[in-house]
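Participant: Sequences and hints are given; from them, build the entire structure.
Read off the chains here:
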Amino acid sequence: MSVKSLDITVDSAFKPTPPPVLIPASVIREFLRQQLPILITLITLGFAVAWLQYGYIPGGDRPFPLAGIEVPVWHIIWVGVWTGFTMALVGEASGIFALPYTISILRFVNAHVSPTMLVLTCINPIGALMGFRRSGQWNLNLAAAVCLGGVAGGLIGPFLRASVLSNAETFRFAIGLMLTFVALHLSYHAVVDYMRHGRVLGVDIAAKGKRPDKISIETIAFSFFWIQIRWGSETRRYSNIALFLTGLGVGIIASALGVGGGFLLVPIFAVFYRLPVYIMVAATIPFVITLSFTGLVTYSTILPLLGGTAIQPEWSFGLFAAAGGMFGAWSASKVQLFVPSHFLNLMLGGVTAIAGMYYVVHYLALLLKL
Amino acid sequence: MSFVTRILLPYSPFIVLAAAAAIAAVHIHYYW
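Heads up: the protein sequence lines correspond to chains A and B, in order. Residues 1 to 370 (the working numbering) are what the first sequence spells out, left to right. Residues 1 to 32 (the working numbering) are what the second sequence spells out, left to right.
No lab work stands behind these hints: they were computed from the structure.
Have a look at the derived ranges for each label pair, beta carbon to beta carbon:
1. A:Met357 x B:Ile7: 26 to 34 Å
2. A:Arg62 x B:Ile15: 31 to 39 Å
3. B:Leu8 x A:Gly68: 37 to 45 Å
4. A:Lys369 x B:His29: 33 to 41 Å
5. A:Phe159 x B:Ile7: 50 to 58 Å
6. A:Arg133 x B:Leu8: 21 to 29 Å
7. B:Ile7 x A:Leu306: 51 to 59 Å
8. B:Trp32 x A:Tyr56: 22 to 30 Å
9. A:Ser239 x B:Arg6: 36 to 44 Å
Idealized CB from N, CA, C, for every residue including glycine.
Facilitator: Laid out in structure tokens, this is it:
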């Protein structure tokens, strides 16, 4: 029996266009190989810690003993997912959304909430870091000076706690006013830029570069004093000294007040350095991770020397939230290039306004003795 | 441009925020 082959030639003009792919195979591979094992590990750790600490799994029926609240485990993971996603889109850790949500909606109101949120905000930006690296939004030369400044500031900050916190409310009020002003500026520019340039997407910037499927942030020149970078068709030159001082200032303020630094650094990069959100994540995400780890070191070693006492986090709660937070932040890194820049700037304006208004309202309430 | 790149991805921050608000409302209803 012979088999005959039949050659069919198809005119290229009549080739059917492939159906749009919902999620590219490379992203699915990245999730399965990189993110899923971390996700499973963190969730398993959360269950294991709860079981070892309390002998049962807290959730919707039985309260978390330290937190004193009943909340289903899936909801804690979801808190991580949505806060990690929305905040990583603008290059920050999830604290600004996660802390008020946990306090006001989940009613986790005792002193354990701060260290528990620290577990989330230390781990969650690592998901964004891994994701943005694969998307090409990565340049260690740009991150170097600002991160070094952050480390130095994070080490100095705790020693200034006594002097800063002696008048903390006025200090917070000043920062709150500045953030509110910056938020208005960002929102105004988001609208003006949209009216002037229309919808600008990260994928459009990527298309102007060498590889249309990912952004590349190239270092053209790097010395002790200067860094010159290029993305798409734009070239920028920044002073490494100015970047170091920016990181130093943000690091000192953040660690003295005991907050994350992203909500201060990102608006500064957006307003004073005029960096698009798509590009600045290459520096801000490494910065928030560096500052978090410096914060952990200072709070576990330096603060006890200064007479502070360590408060235990609700570990299982923190680990469940961190699992969701890693996944949410990673997802944001995959989605960000498709979100228009004016949406990102509006979101950044909104997030900055929340942080600013919180400090302003808190101060005014104290002043009026409400 | 597909529905995903035209609508779903660009508006994803608002979709996620809306979902968060809805789940928060359900939580308040059952646990407060």
